[in-house]
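K.L.:
Residue strings, one per chain:
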Amino acid sequence: MIAAPHIRRARSVRAIMYEVSLALVPAALAHVWFFGPGLLLNTLIAACVALACEAFMLTLRGQPRQPYLQDGSALLAAVLIAFALPPLTPWWVTATAAAFAMIVAKHLYGGLGFNTFNPAMAGYAVVLVSFPTELALWTQPRGEHDALSWLHTLHVTFTGALPDDLSWDHITRATPLDSVQTGLTQGAMLSELLLDPRLSAYGGHPWITINVLIAIGGVWLVFRRLISWHIPIGVIGGVVLSALAGRMIDSDAYSPVFFHLLSGSVMLAAFFIATDPVSAATSRRGKLLYALGIGVLIYSIRAWGSYPDGVAFAVLFMNMLVPLIDHFTIPRAYGHAR
Amino acid sequence: MTALTLHDFPGGLSLPPNKAQQTAQPISTLALPDRVWVPLLQHRGKLSRPCVKRGDKVGLGSVIGLADGAFSANVHATIAGTVGRIESRVIAHRSGLSAPCVEILADREQAQDFAAPLDTDFRLVDPNILRQRVADAGIVGLGGASFPTALKLTAEADQSLHTLVLNGAECAPYISCDEMLMRERAGDIMRGAQSMLHILQINRCMIALEEDKVLAIDAMQQALEDLSDSRFTLCLVHAKYPEGGERQLIQVLSGKEIPSDGLPVDIGYLCHNVGTAAAVFDLFATGRPLTSRIVTVCGDGVAQPQNVIAPFGTSIQSLLDHAGGLLPGSHRLIVGGPMMGFTVDSTDVPIDKGCNCILVMPEENARQLNDTMPCIRCGECETVCPASLLPQQLYYHARSSHLERLPDFHLFDCIECGCCDYVCPSNLPLTQYFRYAKDELWFRSQQQARSNQARERYEQREQRLLRQQQERDAARAERQQATRDAKQKQSDILAAVARAKARKKGDSS
Ligand code: SF4
Ligand code: SF4
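Here the protein sequences line up with chains H and E, keeping their order. Residue 14 is where the first sequence starts when you use the numbering used here, and the numbers rise one by one after that. Residue 50 is where the second sequence starts when you use the numbering used here, and the numbers rise one by one after that.
Derived by calculation from the structure, the hints in this document are not laboratory data. Owing to the predicted nature of the structure, the values given are computational and were not obtained by experimental measurement. Be a bit skeptical, because a hint or two may be false.
[Stated by the list, open to error] These stretches of chain H come out as covered by chain E in the derived footprint (C-beta under 8 Å, 3 or more residues):
1) 21-30
2) 113-126
3) 143-153
4) 296-302
5) 317-327
Each residue gets a CB set at the ideal place from its N, CA and C atoms; glycine is no exception.
Chain H with its partners taken away, still in its complex shape (with noise of 0.2 Å):
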């Protein structure tokens, strides 16, 4: 017998990693344009070496492998691990980072809907703290330099070595959050730092665009009611109020809030990482606290810790809480006192 109801929404889990996926596009798109074709080649590394260890996990777990490998979840997860590499990182780094998001946050806690870890974030922060030379490096944008063509990602990322007519210091530079991280550390004022125009001018530096980009698809997601509102509001805010805190103490030591917002990853965490529904907080309470925690820890990391952008740590150490926070918020059921 069939049970009740007899009539469902028309929304798979499939659909859903899927929209999420496709939101990225236009960024994808933005950041091909500044940075070359890295972001594209790391995802197709990504999502093969995913897709083949799901399907080993998989086969080792005796479980169906077709619905789990079309389910869009290894694709996402590659999509955001490529996101947070460099353009040129060398493909054994993309691909370990993908082996264990799925090896082991995913499969290894028991697969899809039991990660305690949110997988993109566990592997990229592995290969952050065993390769943080390879990582050490982003591509110049476009403007500084010719563009890289498929020919030249291609070579560096499957050689690791630099074609003859190319130089390291020609082509890359530390990112904005790295240079101020490291000028501040160096005793430089904030103010200086901010004169650099590739640091300040936030209308038309890449990474701006770039985020604003993420933040619109991010947007539409809320707008689908794929994501609820309540992480990308908890992760900003947490960022915002934290930094506006540091700008009170000391203007000089501290970034201005729209550089933290704009110049690292706050907005993917905020709209694609910190939503992944299976490593969040459940209860709708619950993601408004995970969520500000990431966005405090996030804004303690960069101010205060040795990476330039904490958003990964900040992701594991808030999943890591999970379940204390859905302990403690509970929601009211109907009919019982407050």
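Using the hints, position chain E with the ligands against chain H.
P.N.:
Here is chain E with the ligands on its own, set in the frame of chain H:
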């Protein structure tokens, strides 16, 4: 007209309505069937006791089953004719239950066997008498839950009652019997409600219907003007499922929640379906007991979807025939709406007082239970739950058989509306799990109660034996003591005698 601030309830869904086809034509009446099988269980509560036997002649409205206590309802002949077999048959029930049914073979002439209509104004009649007549007429709530109406009209005992709510908020897609009733018999509904107000001895009635039912609103407004009774207020509520749920509706109208373990009357409200009010009107105006109802026959598998008045006991098949039959293809037969209805396997099932809808859906859009995915904790189910529960947690514990944890997550506050199920992207049959878990926990608590009883009985017996033993021991000890005392007394006497003798001896020497 609606000078009322309405409130909201959490969660809920806007479902695609799907009512246009079956509301395009007026309510039709089923042709007199050759036979009916009238179930003796058409209400919440105890089975009615049959009071006719094979061969008896019955008129339309003759009592054929007597209520077994207050928590039960009379059953009447729904056509005139001769009683045939009385046997157990599958009835329209969620669990596929069978119950005794009375077969009536139709006569050509339809003799009526109604009680006398009220010959005076109902306002001059004692509420208790009216209430008894409602009970005699076998009227139950026509919203689908089939709770005996007379029981719900005993509220003077509760002085806090102040408002009667007439529920015309029909929020499930497809079902439209209440809407059509309001369009065609608005005045009768209100006159029925007036007598309910008199029985309850209160002066306020809120009529709730959804703001998108334009024609029904017009009809009700017109009736209200004609009646010019200031006790009535028309309340237009947003069309949101499950608005028609008693608890949600009262929350919308009053802004208050009914305590989890309480009833609407605890906060002063009482809720009756508009169809029930019309049935009460019919009873007092014509003496007619409850023998038929409006059923929505609809769904993509039905040729001519419509609302039809059908006597209880007619088969689903005859309703489908009346609605032009089934369209080709394989179908799923559902009794009730698409959100809370249940499937039946055969069309040879009699309809009863609770059947508001026969829905036929093509088999191909049946949910595929084999393509469920694990819960991805997306929280969609929580956003739509009108009871503010955490369905994913309930599901987790129900599935892992930590059933004893479920009451902590308020399983018993789940109204089984199916909203969570409807939105779950993993296609999990959540409501089914909750229903199962409730049954299972209920069963366990029954067992627990039984074993507690047995243990108590055993302990009582042990104690009784112990007490008897102690009493026996005490009696024996008493007896022994008595003997000892007697012996002592005797030896005291002997000693005294001896002493006396000795003294005598001494005196004489
Ligand atoms: S809607 Fe389904 S998948 Fe989402 S949290 Fe609820 S049960 Fe899990
Ligand atoms: S079926 Fe129960 S748990 Fe699901 S939405 Fe309705 S009340 Fe909430």
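K.L.:
Does each hint hold? Answer for all of them.
P.N.:
Hint check:
{"no.": "1", "hint": "21-30", "result": "holds (count 7)"}
{"no.": "2", "hint": "113-126", "result": "holds (count 3)"}
{"no.": "3", "hint": "143-153", "result": "violated (count 0)"}
{"no.": "4", "hint": "296-302", "result": "holds (count 3)"}
{"no.": "5", "hint": "317-327", "result": "violated (count 0)"}
The structure fails to meet hints 3 and 5 from the earlier list, while all remaining hints are met.
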